[in-house]
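Colleague: First to last, the protein sequences are chains R and D. Following my numbering, the numbering of the first sequence begins with 27 at its first residue and continues without gaps. Following my numbering, the numbering of the second sequence begins with 27 at its first residue and continues without gaps.
I should point out that these hints are in silico values taken from the structure, not numbers from a laboratory. No experiment lies behind these values; they were computed from the predicted model shown. You may find that some hints are simply not true.
Identical chains blur together in the list; that is why a pair holds if it fits in one copy or across any two.
With a cut-off of at most 30 Å between alpha-carbon atoms, the simulated DSS-like pairs for lysine-lysine come out as follows [said to hold, decoys possible]:
{"no.": "1", "residue 1": "Lys-342", "residue 2": "Lys-364"}
{"no.": "2", "residue 1": "Lys-250", "residue 2": "Lys-206"}
{"no.": "3", "residue 1": "Lys-364", "residue 2": "Lys-345"}
{"no.": "4", "residue 1": "Lys-364", "residue 2": "Lys-347"}
{"no.": "5", "residue 1": "Lys-162", "residue 2": "Lys-347"}
{"no.": "6", "residue 1": "Lys-346", "residue 2": "Lys-364"}
{"no.": "7", "residue 1": "Lys-168", "residue 2": "Lys-141"}
{"no.": "8", "residue 1": "Lys-210", "residue 2": "Lys-250"}
{"no.": "9", "residue 1": "Lys-292", "residue 2": "Lys-345"}
{"no.": "10", "residue 1": "Lys-141", "residue 2": "Lys-107"}
{"no.": "11", "residue 1": "Lys-162", "residue 2": "Lys-141"}
{"no.": "12", "residue 1": "Lys-168", "residue 2": "Lys-346"}
{"no.": "13", "residue 1": "Lys-103", "residue 2": "Lys-381"}
{"no.": "14", "residue 1": "Lys-347", "residue 2": "Lys-141"}
{"no.": "15", "residue 1": "Lys-364", "residue 2": "Lys-103"}
{"no.": "16", "residue 1": "Lys-346", "residue 2": "Lys-221"}
{"no.": "17", "residue 1": "Lys-210", "residue 2": "Lys-347"}
{"no.": "18", "residue 1": "Lys-360", "residue 2": "Lys-342"}
{"no.": "19", "residue 1": "Lys-364", "residue 2": "Lys-98"}
{"no.": "20", "residue 1": "Lys-127", "residue 2": "Lys-210"}
{"no.": "21", "residue 1": "Lys-250", "residue 2": "Lys-345"}
{"no.": "22", "residue 1": "Lys-107", "residue 2": "Lys-127"}
{"no.": "23", "residue 1": "Lys-338", "residue 2": "Lys-127"}
{"no.": "24", "residue 1": "Lys-381", "residue 2": "Lys-338"}
{"no.": "25", "residue 1": "Lys-345", "residue 2": "Lys-103"}
{"no.": "26", "residue 1": "Lys-141", "residue 2": "Lys-98"}
{"no.": "27", "residue 1": "Lys-345", "residue 2": "Lys-360"}
{"no.": "28", "residue 1": "Lys-345", "residue 2": "Lys-98"}
{"no.": "29", "residue 1": "Lys-250", "residue 2": "Lys-127"}
{"no.": "30", "residue 1": "Lys-221", "residue 2": "Lys-360"}
Protein chains: 2
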Amino acid sequence: MEPGKLRSVGASVAAVLPAGGSGERLGSATPKQFCALLGRPLISYTVRALERINWISDIVVVVSLENIETMKSIIEKYGHKRITVVEGGMTRHRSIFNGLKIFPESKLSSCPLQKPEVVIIHDAVRPFVEEDILLKVVLAAKEHGCSDYDLDYGTECLHLALKYCKTNAKLIEGSPDLWKVTYKRDLYAAESIIKDNLSQQVCVTTDMKEDAVQLGFLLHETLKNEVKQAKGKSVFLCKNDNRLQNIFLGQCYNFICINAKKSDIKETQQLVDILENARISVLHPVVLISVHLNVSENMSFSSGMEELAGIKEFAKEVKKKHILVYGLLIHYNKDDPKLQETINSAAAIISALIKDRNPELIGQLLVA
Amino acid sequence: MEPGKLRSVGASVAAVLPAGGSGERLGSATPKQFCALLGRPLISYTVRALERINWISDIVVVVSLENIETMKSIIEKYGHKRITVVEGGMTRHRSIFNGLKIFPESKLSSCPLQKPEVVIIHDAVRPFVEEDILLKVVLAAKEHGCSDYDLDYGTECLHLALKYCKTNAKLIEGSPDLWKVTYKRDLYAAESIIKDNLSQQVCVTTDMKEDAVQLGFLLHETLKNEVKQAKGKSVFLCKNDNRLQNIFLGQCYNFICINAKKSDIKETQQLVDILENARISVLHPVVLISVHLNVSENMSFSSGMEELAGIKEFAKEVKKKHILVYGLLIHYNKDDPKLQETINSAAAIISALIKDRNPELIGQLLVA
Chain R
27 MEPGKLRSVG ASVAAVLPAG GSGERLGSAT PKQFCALLGR PLISYTVRAL
77 ERINWISDIV VVVSLENIET MKSIIEKYGH KRITVVEGGM TRHRSIFNGL
127 KIFPESKLSS CPLQKPEVVI IHDAVRPFVE EDILLKVVLA AKEHGCSDYD
177 LDYGTECLHL ALKYCKTNAK LIEGSPDLWK VTYKRDLYAA ESIIKDNLSQ
227 QVCVTTDMKE DAVQLGFLLH ETLKNEVKQA KGKSVFLCKN DNRLQNIFLG
277 QCYNFICINA KKSDIKETQQ LVDILENARI SVLHPVVLIS VHLNVSENMS
327 FSSGMEELAG IKEFAKEVKK KHILVYGLLI HYNKDDPKLQ ETINSAAAII
377 SALIKDRNPE LIGQLLVA
Chain D
27 MEPGKLRSVG ASVAAVLPAG GSGERLGSAT PKQFCALLGR PLISYTVRAL
77 ERINWISDIV VVVSLENIET MKSIIEKYGH KRITVVEGGM TRHRSIFNGL
127 KIFPESKLSS CPLQKPEVVI IHDAVRPFVE EDILLKVVLA AKEHGCSDYD
177 LDYGTECLHL ALKYCKTNAK LIEGSPDLWK VTYKRDLYAA ESIIKDNLSQ
227 QVCVTTDMKE DAVQLGFLLH ETLKNEVKQA KGKSVFLCKN DNRLQNIFLG
277 QCYNFICINA KKSDIKETQQ LVDILENARI SVLHPVVLIS VHLNVSENMS
327 FSSGMEELAG IKEFAKEVKK KHILVYGLLI HYNKDDPKLQ ETINSAAAII
377 SALIKDRNPE LIGQLLVA
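Looking at chain R on its own, in the form it has when it is part of the complex (with noise of 0.2 Å):
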């Protein structure tokens, strides 16, 4: 966000998330905001995408009382912030309401909280919401205030707003990208948006050998191809690069890991150490991609597989830091007619295994 969007917004603004509804027509019997997805619940997706804005001062999230328990061990699980959890109530108003009423009317020692300008009451099962579209909501409401159209025709949100908290309120048409997730098949849908988002930029490390730094930046150059189509990026580096703290920042989940030698992880496990270091995998699974080269034809698969029983333990230890690690060995010839061949299967498994995020593959020795 540019700085003049953020000093446009010049109000102190708060969210409520009532997330109390029990998912009936989801037909399942965890409501639909503490369905995981990739492991990790919704609701946790909806408060980061609150979270992230930092003009949003405070988010409080209204729950049932039974998941009061489960929604602090959720924001103590995945680090969020800024976040209070407030009972609900017997119906949706009363739970927007018991958020509202959580900010005080005038500054107390003993709370925390301020009372905001502007409360943005969001859907907690409405995850994919963007900045852009909230800052229009939160313009608008200081712009024009309440109109008797909005209690007309909005929902009936906007006259609780208006009626108990004195909180002015507009009614803003919304993107398609602020679809509400209900049925199971929304639920597929989310996370298919949420692999698909994750897909999105592949950074590929190596170290400064000569055979490494060519098949990553001939591995680069196919990924690139494959990955420019979906409308994403990829980036390349080598290792130790001081690009690599801006690569965390621009929030890459997927590593390509050149391995100098064949049969040796060892680089992979420094990658492991620094993405563990930097907490990247706390939010979403890392896809980590250890590739191997094989560079004698004659030795075949055979030789080196021996170490396939270390990668797979080594990979199950990751999982539990959320790191998905899968071996790709690569037959490397640089004067060998099907190079090309060889790379762009290395580049569609690569691009599969980023996609899928499966966690059942890990510790695999695919071959390409």
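Chain R is already provided as a structure; the job is to place chain D on it using the hints.
Modeller: Relative to chain R, chain D alone:
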């Protein structure tokens, strides 16, 4: 469907599928009815959903002029029967009208179609329609005719049907399965639902060798528990069993072939031939997991790996027939205290392969 139900239709029924939409909201160049799900166009799924109902005598698909050839090639490729392709009009209403007017008022020798008593008008982008809801529609149409209520509150299609075709119609409450593919997220959801449906049945085949039968039994038991949780069912049988035909009729799309010899894919090859002859893979990609036993611990992974290249080439060939072959090596020693652990690992890998149906990972040799 029970015979009683079939008798109770007691009317000649046809279906008209308006499929002329441009798919603007999808944000794609391809109209959504022609978007591929697991490689097959959405419209083919909808056509199949109607085609499998034996009391629907004719299915009329209405497409825009530029898509007539595409539609005909889809009918050819997927072997659809009882289909007539008709050119659409400028609006959805004109398209439906074009679809309806091909039924002659009186029997003509030159026209193979007969005027039906009931015409079902079904959106081409609602692929998950079930027989029971269509039966309700047809019965209600027969019983009630077209009421004023329907004309006032139903969609305009009802009006059209009455005005131009003197065909009765009534508004019936739909089910959540009837949802319409509109946005890109709906394509994601549809693909996941199709994959889910295809994962419900698994067929394990073995030869009569002791180890293979024992392993087959263990795998079957473990998979049954896994699949049961997903409310599906699993089937176990020996090869050349006469139940194999029933499996095909039951539309099983997942096969696990336990090969007697570790490095031999003869049994897998035979199963591919059977699958091909039975044309199982015409409508959906078939997953075939070629399991190889590694009975001796000392042999380790390496020996037999030489044959991986063989499996890879084989899988590439068979993929053209829409059969996805994956290799799975299982260390089998019936006295190994870790045997159940290995079996669980194999079952998890099998389930993952079946669920993802990933065409890029074919020919890989995974290790349980």
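Colleague: Now tell me, hint by hint, if it's right for this structure.
Modeller: Evaluation of the provided hints:
In this homomeric assembly, Lys-342 and Lys-364 come within 30 Å of each other (Cα to Cα) only across copies, at 16 Å, whereas the closest approach inside a single copy is 34 Å. Proximity of Lys-250 and Lys-206 under a CA criterion of 30 Å is satisfied in neither setting, with 33 Å inside one chain copy and 34 Å between copies. With identical chains, the CA atoms of Lys-364 and Lys-345 are at most 30 Å apart between copies only, with a shortest distance of 21 Å across copies and 34 Å within one. For a Cα distance limit of 30 Å, the shortest separation of Lys-364 from Lys-347 across copies, 25 Å, qualifies, whereas the shortest one inside one copy, 38 Å, does not.
Proximity of Lys-162 to Lys-347 under the C-alpha cut-off of 30 Å is found in neither arrangement, the shortest distances being 38 Å within a copy and 52 Å between copies. Proximity of Lys-346 and Lys-364 under a CA criterion of 30 Å is satisfied inter-copy only: 21 Å between copies versus 38 Å inside one chain copy. For a Cα distance limit of 30 Å, the shortest separation of Lys-168 from Lys-141 inside one copy, 15 Å, qualifies, whereas the shortest one across copies, 62 Å, does not. Proximity of Lys-210 to Lys-250 under the C-alpha cut-off of 30 Å is restricted to the inter-copy arrangement: shortest distance 23 Å between copies versus 34 Å within a copy.
Only within a single protomer do Lys-292 and Lys-345 lie at most 30 Å apart by alpha-carbon distance; the minimum there is 17 Å, versus 36 Å between protomers. With identical chains, the CA atoms of Lys-141 and Lys-107 are at most 30 Å apart within one copy only, with a shortest distance of 18 Å there and 66 Å across copies. Taking identical chains as interchangeable, the C-alpha atoms of Lys-162 and Lys-141 lie at most 30 Å apart only when both belong to the same chain, with a minimum of 21 Å there against 55 Å between chains. For the identical chains of this complex, Lys-168 and Lys-346 are neighbours neither inside a copy (46 Å) nor across copies (60 Å), given an alpha-carbon limit of 30 Å.
In this assembly of identical chains, the alpha carbons of Lys-103 and Lys-381 lie at most 30 Å apart whether taken from the same copy (25 Å) or from different copies (28 Å). Neither within a single protomer nor between protomers do Lys-347 and Lys-141 lie at most 30 Å apart by alpha-carbon distance, with minima of 39 Å and 65 Å respectively. In this assembly of identical chains, the alpha carbons of Lys-364 and Lys-103 never lie at most 30 Å apart, being 47 Å within a copy and 33 Å across copies at closest. In this homomeric assembly, Lys-346 and Lys-221 come within 30 Å of each other (Cα to Cα) both inside a single copy, at 20 Å, and across copies, at 28 Å.
In this assembly of identical chains, the alpha carbons of Lys-210 and Lys-347 lie at most 30 Å apart only when taken from the same copy (28 Å versus 32 Å across copies). Taking the shortest Cα distances, Lys-360 and Lys-342 sit within 30 Å of each other only across copies (24 Å), while inside one copy they are farther apart (33 Å). In the homo-oligomer, the alpha carbons of Lys-364 and Lys-98 never lie at most 30 Å apart, since the shortest distance is 55 Å inside one protomer and 38 Å across protomers. With identical chains, the CA atoms of Lys-127 and Lys-210 are never at most 30 Å apart, being 33 Å at best within one copy and 39 Å at best between copies.
Proximity of Lys-250 and Lys-345 under a CA criterion of 30 Å is satisfied in both settings, with 27 Å inside one chain copy and 26 Å between copies. Within a single copy, Lys-107 and Lys-127 get their C-alpha atoms as close as 20 Å, which meets the 30 Å cut-off; across copies the closest is 63 Å, which misses it. Proximity of Lys-338 and Lys-127 under a CA criterion of 30 Å is satisfied in neither setting, with 53 Å inside one chain copy and 64 Å between copies. In this assembly of identical chains, Lys-381 and Lys-338 lie within 30 Å of each other by CA distance both inside one copy and across copies; the values are 21 Å within and 22 Å between.
Proximity of Lys-345 and Lys-103 under a CA criterion of 30 Å is satisfied intra-copy only: 16 Å inside one chain copy versus 43 Å between copies. In this assembly of identical chains, Lys-141 and Lys-98 lie within 30 Å of each other by CA distance solely inside one copy; the values are 23 Å within and 64 Å between copies. For the identical chains of this complex, Lys-345 and Lys-360 are inter-copy neighbours only, at 29 Å across copies versus 34 Å inside a copy, given an alpha-carbon limit of 30 Å. In this assembly of identical chains, Lys-345 and Lys-98 lie within 30 Å of each other by CA distance solely inside one copy; the values are 24 Å within and 48 Å between copies.
Proximity of Lys-250 and Lys-127 under a CA criterion of 30 Å is satisfied in neither setting, with 51 Å inside one chain copy and 51 Å between copies. For a Cα distance limit of 30 Å, the shortest separation of Lys-221 from Lys-360 qualifies neither inside one copy, at 34 Å, nor across copies, at 40 Å.
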